[in-house]
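Letter by letter, the chains look like this.
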Amino acid sequence: MNIVVCIKQVPGTTDIKIDPKTNTLIREGVQSIINPFDCYAIEEGVHLREKCGGKVIVITMGPPQADAALREAISLGTDEAVLVSDRAFAGSDTWATSYVLSKAIQKIGSFDLIICGKQTLDGDTGQVGPGIAEMLKIPFVAYVSKIEEVGNGRMRVQRMIEEGHETIESSLPAVITVSKEINVPRLPSIRGTMKSKSAKIPVWTANDIGAEADKAGLAGSPTRVVKIFFPKRERKSEMLAGNAREQVDKLISNLEGII
Amino acid sequence: MDYFLTEQQQLIRDLARRVAEERILPVRAELDEKEEFPWSIVKDIAASDLFRVFLPVEYEGLGEQAVGLCIAVEELSRACCGVALTYAADALGSIPIFLYGNEEQKRKYLPEVAAGRKLTAFALTESTAGSDASGIKTTAVCDGNDYVINGTKQFITNGGEAEIYTIIAMTDHTRGPRGASAFLVDKGTPGFTFGKKEKKMGIRCSATSELVFHNCRVPKENLLGKDGQGFIVTMKTLDLSRPGVAALAVGLAQGALEAAVEHAKNREQFGHPVTAIQAVQHMLANMAMDVEAGRALMYASAKTIDSGVKNYSEEGAMAKVFATDMAMRVTTDAVQVCGGAGYMRDYPVEKMMRDAKINQIYEGTNQVLRNVIAHEVLKRKALRK
Numbered sequence: 186m187n188i189v190v191c192i193k194q195v196p197g198t199t200d201i202k203i204d205p206k207t208n209t210l211i212r213e214g215v216q217s218i219i220n221p222f223d224c225y226a227i228e229e230g231v232h233l234r235e236k237c238g239g240k241v242i243v244i245t246m247g248p249p250q251a252d253a254a255l256r257e258a259i260s261l262g263t264d265e266a267v268l269v270s271d272r273a274f275a276g277s278d279t280w281a282t283s284y285v286l287s288k289a290i291q292k293i294g295s296f297d298l299i300i301c302g303k304q305t306l307d308g309d310t311g312q313v314g315p316g317i318a319e320m321l322k323i324p325f326v327a328y329v330s331k332i333e334e335v336g337n338g339r340m341r342v343q344r345m346i347e348e349g350h351e352t353i354e355s356s357l358p359a360v361i362t363v364s365k366e367i368n369v370p371r372l373p374s375i376r377g378t379m380k381s382k383s384a385k386i387p388v389w390t391a392n393d394i395g396a397e398a399d400k401a402g403l404a405g406s407p408t409r410v411v412k413i414f415f416p417k418r419e420r421k422s423e424m425l426a427g428n429a430r431e432q433v434d435k436l437i438s439n440l441e442g443i444i
Numbered sequence: 003m004d005y006f007l008t009e010q011q012q013l014i015r016d017l018a019r020r021v022a023e024e025r026i027l028p029v030r031a032e033l034d035e036k037e038e039f040p041w042s043i044v045k046d047i048a049a050s051d052l053f054r055v056f057l058p059v060e061y062e063g064l065g066e067q068a069v070g071l072c073i074a075v076e077e078l079s080r081a082c083c084g085v086a087l088t089y090a091a092d093a094l095g096s097i098p099i100f101l102y103g104n105e106e107q108k109r110k111y112l113p114e115v116a117a118g119r120k121l122t123a124f125a126l127t128e129s130t131a132g133s134d135a136s137g138i139k140t141t142a143v144c145d146g147n148d149y150v151i152n153g154t155k156q157f158i159t160n161g162g163e164a165e166i167y168t169i170i171a172m173t174d175h176t177r178g179p180r181g182a183s184a185f186l187v188d189k190g191t192p193g194f195t196f197g198k199k200e201k202k203m204g205i206r207c208s209a210t211s212e213l214v215f216h217n218c219r220v221p222k223e224n225l226l227g228k229d230g231q232g233f234i235v236t237m238k239t240l241d242l243s244r245p246g247v248a249a250l251a252v253g254l255a256q257g258a259l260e261a262a263v264e265h266a267k268n269r270e271q272f273g274h275p276v277t278a279i280q281a282v283q284h285m286l287a288n289m290a291m292d293v294e295a296g297r298a299l300m301y302a303s304a305k306t307i308d309s310g311v312k313n314y315s316e317e318g319a320m321a322k323v324f325a326t327d328m329a330m331r332v333t334t335d336a337v338q339v340c341g342g343a344g345y346m347r348d349y350p351v352e353k354m355m356r357d358a359k360i361n362q363i364y365e366g367t368n369q370v371l372r373n374v375i376a377h378e379v380l381k382r383k384a385l386r387k
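For the record, the sequence lines run as chains A and B. Sequential numbering of the first sequence, starting at 186, is according to the working numbering. Sequential numbering of the second sequence, starting at 3, is according to the working numbering.
Just chain A, same shape as in the assembly:
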């Protein structure tokens, strides 16, 4: 069973600061981590490999420093890692990212299951997993909370829906995104960490994966971020005067004004 796990390196905080001039994230001084939801994807991949054999390849699209996230993934038990990195990918939205990752996965060649986290901590869209499935023309299941069975070209999984659970069967290969209910991610191992320090992690460029220039990066991204801003926080206080009845009437009319 060959499993591909897609991960993303994200700022290790939810307290994101934005440069008001450039409309981009201020990354200086913020530690980078593996997107926490992707840790569940890594754990599920490693767990399936331990049960069914095969190998787990972890893949990320990002700048050269995303290498650190891949090494951490190796310390958590994945077998191989690939960094997909090229200046041409800069500015990719979820559509272009899905395109680039799907091209890289096609280059990997043989795979049975692709696992992603359900969303990222920074972008929060949850669109890349389904995007990859669409581009590879294979089935997709979101918010998987349990893999019941997998093998012989089929899988049966449970996924979270608002009212409860849904059990879905699908052919393989397929893409799933996993929710945090699926497992408890392990801590790194000593052997894994030693291995991760010396692991050779290939860097694939746009050329290597055969990505067309007008489909990746800013050029391939239909999304345009026009402006990013924080909502203004305003506080206004008004002291109500008069007897209790007058104050209550005034309060109600004020509240009605807001609604």
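Please keep in mind that the hints were generated in silico from the structure rather than gathered at the bench. A couple of the hints might just be wrong.
[Claimed, not checked] Keeping only pairs whose Cα atoms sit at most 25 Å apart, straight-line, the calculated DSS-like set for lysine-lysine is:
id	chain 1	residue 1	chain 2	residue 2
1	A	365	B	222
2	B	238	B	305
3	B	120	B	110
4	A	236	B	110
5	B	139	B	45
6	B	108	A	240
7	A	421	A	365
8	A	240	A	382
9	B	45	A	380
10	B	120	A	236
11	A	206	A	331
12	B	45	A	331
13	B	228	B	108
14	B	108	B	198
15	B	238	B	108
16	A	412	A	240
17	B	108	B	312
18	B	120	B	222
19	B	198	B	359
20	B	381	A	236
21	B	120	B	189
Put chain B on the given structure of chain A with help from the hints.
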């Protein structure tokens, strides 16, 4: 202080600290309260390769010996001495196998221990034997290709939870200590059952149990070392394990010091935090010096052992006695610094003080070990190097 750890040793420390902070800390009070064996943490320790640390590389260990063991034990014990003891007792149980086991025994047992699939235990103590190893009543009688074991072991750490037991039994009562032999007994062997599960003052999540042998047959291949070598096996095993007990104490005291500092910084009296009071400052200073002295002696003894010297009874005993007496003082003072709150079970130092006491007792009481140290001091003809 910098103990100049290698890259792999730093890795062991960082990982053991993560296990301690992320997996042990959130549940330590509950484990203590419920006296519950920490199986899920044992699995985390296994998955992170920490059971491999002290075992030889040939048997899927990491070959980090006594120093590696001390690093891991200290970090685990900083969060919970009971969990750390479960780990340290597993090391204790594996020592006689890699010191005295034949190739077949090592191949059979050590990779399982390294992977954390099986826990081990070492069983010497009986109701009539502890400090006095010659008081052992458990017997092993040779019968054809087997030994038949009868008797009861008492206060055995990891008892009931471990799969692999090294037990000391008398094969020849007429020869005194030279009539003792060591045997490997697997859990589930007919005639081998578990008796009373002890209720303890501290280290309450660790398992302490009686082992009961009633006509328990083990094949001759399970003899560890030679017939009559049981006393030597015991002494050498405990010599090697004692820096690990020092590490239990150092980690525990470090945790208590940190808890006391944290509490004192936030506790206000007379209009300022109690850390502004010199009497409190001096207590914290003494505790910090004590912990560091214990740690230095622990590493010095472990490094001496790992360097390959032949006799290290004195070094191991010194580290164990000093560090465990130190931990009793430091945890007691930690309760004092925390005042009334420190005495309450809502705060961790109360448990730490209870956990500290046993360290002065097990693996050689501090009184017996002072005899060992005095014996070495008195027999020296010249000054030490």
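Here is how each hint holds up against the structure:
no.	hint	verdict
1	A:365 - B:222	52 Å, violated
2	B:238 - B:305	17 Å, holds
3	B:120 - B:110	12 Å, holds
4	A:236 - B:110	24 Å, holds
5	B:139 - B:45	36 Å, violated
6	B:108 - A:240	31 Å, violated
7	A:421 - A:365	40 Å, violated
8	A:240 - A:382	19 Å, holds
9	B:45 - A:380	21 Å, holds
10	B:120 - A:236	20 Å, holds
11	A:206 - A:331	44 Å, violated
12	B:45 - A:331	21 Å, holds
13	B:228 - B:108	15 Å, holds
14	B:108 - B:198	30 Å, violated
15	B:238 - B:108	17 Å, holds
16	A:412 - A:240	43 Å, violated
17	B:108 - B:312	22 Å, holds
18	B:120 - B:222	22 Å, holds
19	B:198 - B:359	22 Å, holds
20	B:381 - A:236	59 Å, violated
21	B:120 - B:189	10 Å, holds
Checked against the numbered hints listed earlier, the structure breaks hints 1, 5, 6, 7, 11, 14, 16 and 20; every other hint is satisfied.
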